[in-house]
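We have chain A; now place chain B onto it with these hints.
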Amino acid sequence: MSDVQERGAAKPARSAPEDEFVFVDAAWSLKQSFRRDPLQASFLAGLKAKRLLGVRDPVRGLVMFPPRSFAEESYSDMSDLVPVGPGGVIRTLTKVIPGGKEPRPPFLVVFVQLDGADSAAAGALRGPGSDVSDPLSLIGKRCRAVFKPEPDGAWTDFWYQLEEGAAA
Amino acid sequence: MSGRRIATVLGVAQVPMRTRLSQYTYADLLGVVAARALEDAKVDAADVDGLILAMAPTTTLGIDEPHFWATADLPGMKGFLGRVHTLASSGLVAFRLACAHVAAKRAKRVLVVAADLADESPDLIAAIGMFANPFAERHYPQSAAAAHAFEMTAYMARNALTERDMAHVIVKNRANGIANEYAQLRAPVTVDEVVDSPVLSWPIKRADASPRTSGAAAVLVGPADEKGVAATGFGNYANHPVSGARMVPGLDESYFDASDLRQAAARAYAMAGIERPHDEIDLAEVYASFGIIELLSIEGLGLTNGGVAARMIRDGEFHRDARLPVNASGGATCGTPISATGLIRVIEATLQLRGTAGARQIKHEPRRAAVSAIGGLFQLQEVGVLEA
Numbered sequence: 008m009s010d011v012q013e014r015g016a017a018k019p020a021r022s023a024p025e026d027e028f029v030f031v032d033a034a035w036s037l038k039q040s041f042r043r044d045p046l047q048a049s050f051l052a053g054l055k056a057k058r059l060l061g062v063r064d065p066v067r068g069l070v071m072f073p074p075r076s077f078a079e080e081s082y083s084d085m086s087d088l089v090p091v092g093p094g095g096v097i098r099t100l101t102k103v104i105p106g107g108k109e110p111r112p113p114f115l116v117v118f119v120q121l122d123g124a125d126s127a128a129a130g131a132l133r134g135p136g137s138d139v140s141d142p143l144s145l146i147g148k149r150c151r152a153v154f155k156p157e158p159d160g161a162w163t164d165f166w167y168q169l170e171e172g173a174a175a
Numbered sequence: 037m038s039g040r041r042i043a044t045v046l047g048v049a050q051v052p053m054r055t056r057l058s059q060y061t062y063a064d065l066l067g068v069v070a071a072r073a074l075e076d077a078k079v080d081a082a083d084v085d086g087l088i089l090a091m092a093p094t095t096t097l098g099i100d101e102p103h104f105w106a107t108a109d110l111p112g113m114k115g116f117l118g119r120v121h122t123l124a125s126s127g128l129v130a131f132r133l134a135c136a137h138v139a140a141k142r143a144k145r146v147l148v149v150a151a152d153l154a155d156e157s158p159d160l161i162a163a164i165g166m167f168a169n170p171f172a173e174r175h176y177p178q179s180a181a182a183a184h185a186f187e188m189t190a191y192m193a194r195n196a197l198t199e200r201d202m203a204h205v206i207v208k209n210r211a212n213g214i215a216n217e218y219a220q221l222r223a224p225v226t227v228d229e230v231v232d233s234p235v236l237s238w239p240i241k242r243a244d245a246s247p248r249t250s251g252a253a254a255v256l257v258g259p260a261d262e263k264g265v266a267a268t269g270f271g272n273y274a275n276h277p278v279s280g281a282r283m284v285p286g287l288d289e290s291y292f293d294a295s296d297l298r299q300a301a302a303r304a305y306a307m308a309g310i311e312r313p314h315d316e317i318d319l320a321e322v323y324a325s326f327g328i329i330e331l332l333s334i335e336g337l338g339l340t341n342g343g344v345a346a347r348m349i350r351d352g353e354f355h356r357d358a359r360l361p362v363n364a365s366g367g368a369t370c371g372t373p374i375s376a377t378g379l380i381r382v383i384e385a386t387l388q389l390r391g392t393a394g395a396r397q398i399k400h401e402p403r404r405a406a407v408s409a410i411g412g413l414f415q416l417q418e419v420g421v422l423e424a
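Heads up: the protein sequence lines correspond to chains A and B, in order. First residue of the first sequence: 8, per my numbering; consecutive thereafter. First residue of the second sequence: 37, per my numbering; consecutive thereafter.
In case anyone wonders, no lab produced these hints; they're calculated from the structure. Even for Gly, the Cβ is constructed at its ideal location relative to N, Cα and C. A portion of the hints provided could be inaccurate.
To give an idea of the interface, some chain A residues facing chain B are shown, with a C-beta separation under 7 Å as derived from the structure [to be verified]:
{"hint": "1", "residue": "102"}
{"hint": "2", "residue": "125"}
{"hint": "3", "residue": "143"}
From the structure, some residues in chain B lie toward chain A, with a derived Cβ separation under 10 Å [claimed, not checked]:
{"hint": "4", "residue": "61"}
{"hint": "5", "residue": "98"}
{"hint": "6", "residue": "175"}
{"hint": "7", "residue": "185"}
{"hint": "8", "residue": "188"}
{"hint": "9", "residue": "193"}
{"hint": "10", "residue": "234"}
{"hint": "11", "residue": "276"}
{"hint": "12", "residue": "282"}
{"hint": "13", "residue": "289"}
Footprint (simulated), chain B over chain A, 3 or more residues, beta carbon under 8 Å [what the hints assert, rightly or not]:
{"hint": "14", "stretch": "75-83"}
{"hint": "15", "stretch": "128-137"}
Looking at chain A on its own, in the form it has when it is part of the complex (with noise of 0.2 Å):
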């Protein structure tokens, strides 16, 4: 190879004309389909009911929010539901700034420590308070979930409302 005696040279090691390659567009289509966790149709069927379930692990005795049928850190199974929350603390947060063509107002994004649970879990926090200027000023400060009136079994049936007079 020509460039090697330059050796610790910032020079490129070959010199070529900006379209020496032509670029072919290409995408990955894959069709997949995962494993669900056991405990998920139960998770979704608890929310569902307005309830949050945690899973409690055998060996160690902590909750984990949202469950999982399998506790890496103890190599135990699990399978005990539990109720968490509906109140919490946020841990962390940060402020997202939604992209696209269609302008949309920031939100935050919270972690929180339900009731009960031994692990954090994000979502949105709505409501009065959760467009303080100072948004650091939110860590640390009780939350509750609350849900939709007509759950779906999903996700996005619940979010986060400070309590009230956390948002002092």
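For chain B alone, coordinates are given in the frame of chain A:
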């Protein structure tokens, strides 16, 4: 005191990082850096008996699984071929594995190569989104900016820091990048320019983040008794894939406090005989595609002696002229080909320890360096120690 030599860095090579390297195919890039690393080492291709390719994610390349089609006839290929696929830690993990092969006398010389072509897909965010658990995580925005915004807000709230405080790490790195002829971004920025740049996912702004980068790197590793910079310690640590399980006070806050990186560093330091990293390490090259990652990495590597990294950088610590420079090259926020960025940390530390880093050379004759990289959403931690 020096640590036991595990293996020697015989040769290094990289190409200038750019948004687009229009003169190369992916296979070309690997060939160019492989040839340059061997020339740097003054070793013939026939004397290399192992090859490791670091590459992830492959979804951003036009063709999948490049170890099948881009490595033919590269030095070491006919000895054995390895592939590392741990995102931004891939290069450093591959270097560790090469050193392990040599130390175990499985091979005498192993070549590590890595490359990325950022212009083969505009859909990095979509590719990263594919990593997320479809059941537990895809109901909220998935992007590197959002993932690290969750870290940044927690760090700012805990340490009472402003966005201006957080901007100083970027200002430092971009100033360092000016002197690095391989850096992609070589213009300075001010605190105001960082704070006023477009918001990606608040508080992460455009200027807090690394650019999309094409680039490549190679390192030739050889026996410990050969002359040159040596690896003297390695440590790694992997944690839970669900980020929300690492945000819980009193249980696991590693997503916020870099305690996982601290575990990896403790293992590397124990191997290298380091007891007081802030006193015994002369420089660090840490992978940080966002400013917050560098701050958490400095603290996780134990370089602050208990201080808050953001304030220390604001006050002049960790700059190139400080006692313990961090990312004197400008770091990943001045350019980061994902697959190669961990290997570039090794190369930059090696050049500093050799005293051949040119305009970006640290003046105080460094003898010992820490290097680190992270794979996934702060999930896989990798630390190495290099000594002159």
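Okay, the hints, checked on the actual structure:
1. About 4 Å separates the beta-carbon of residue 102(A) from the nearest beta-carbon of chain B, less than 7 Å, and the hint is met.
2. Proximity of residue 125(A) to chain B holds as hinted, the smallest CB-CB distance being about 6 Å (cut-off 7 Å).
3. The restraint placing residue 143(A) at the interface with chain B holds, with a minimum CB-CB distance near 5 Å, inside the 7 Å limit.
4. Among the interface hints, the one on residue 61(B) holds; its C-beta lies about 7 Å from the nearest C-beta in chain A, closer than the 10 Å criterion.
5. Using the Cβ-Cβ criterion of 10 Å, the hint placing residue 98(B) at the interface with chain A is satisfied: the shortest such distance is roughly 6 Å.
6. The interface hint given for residue 175(B) is met, as the beta carbon of that residue sits about 4 Å from the closest beta carbon of chain A, less than 10 Å.
7. For residue 185(B), the interface hint holds, the least distance from its beta-carbon to any beta-carbon of chain A being 4 Å, beneath 10 Å.
8. Interface restraint check for residue 188(B): the shortest CB-CB distance to chain A comes to about 8 Å, inside 10 Å, so the restraint holds.
9. Taken as an interface hint, residue 193(B) checks out: its beta carbon lies about 4 Å from the nearest beta carbon of chain A, inside 10 Å.
10. With a cut of 10 Å, the hint placing residue 234(B) at the interface with chain A holds, because the nearest CB-to-CB distance is about 8 Å.
11. Checking residue 276(B) against chain A by beta carbon gives a least distance of about 7 Å; that is within 10 Å, so the hint holds.
12. Given the 10 Å rule on beta carbons, the hint for residue 282(B) holds: about 8 Å separates it from the nearest Cβ of chain A.
13. Contact between residue 289(B) and chain A, as hinted, is supported at the beta carbon level, the nearest pair being about 9 Å apart and thus within 10 Å.
14. Check on the stretch 75-83 of chain A: 3 of its residues sit with their Cβ under 8 Å from a Cβ of chain B, so the three-residue criterion for coverage holds.
15. Beta-carbon proximity to chain B at under 8 Å applies to 4 residues in the stretch 128-137 of chain A; the threshold of 3 is reached and the given coverage holds.
The structure fails none of the hints (numbered hints given earlier).
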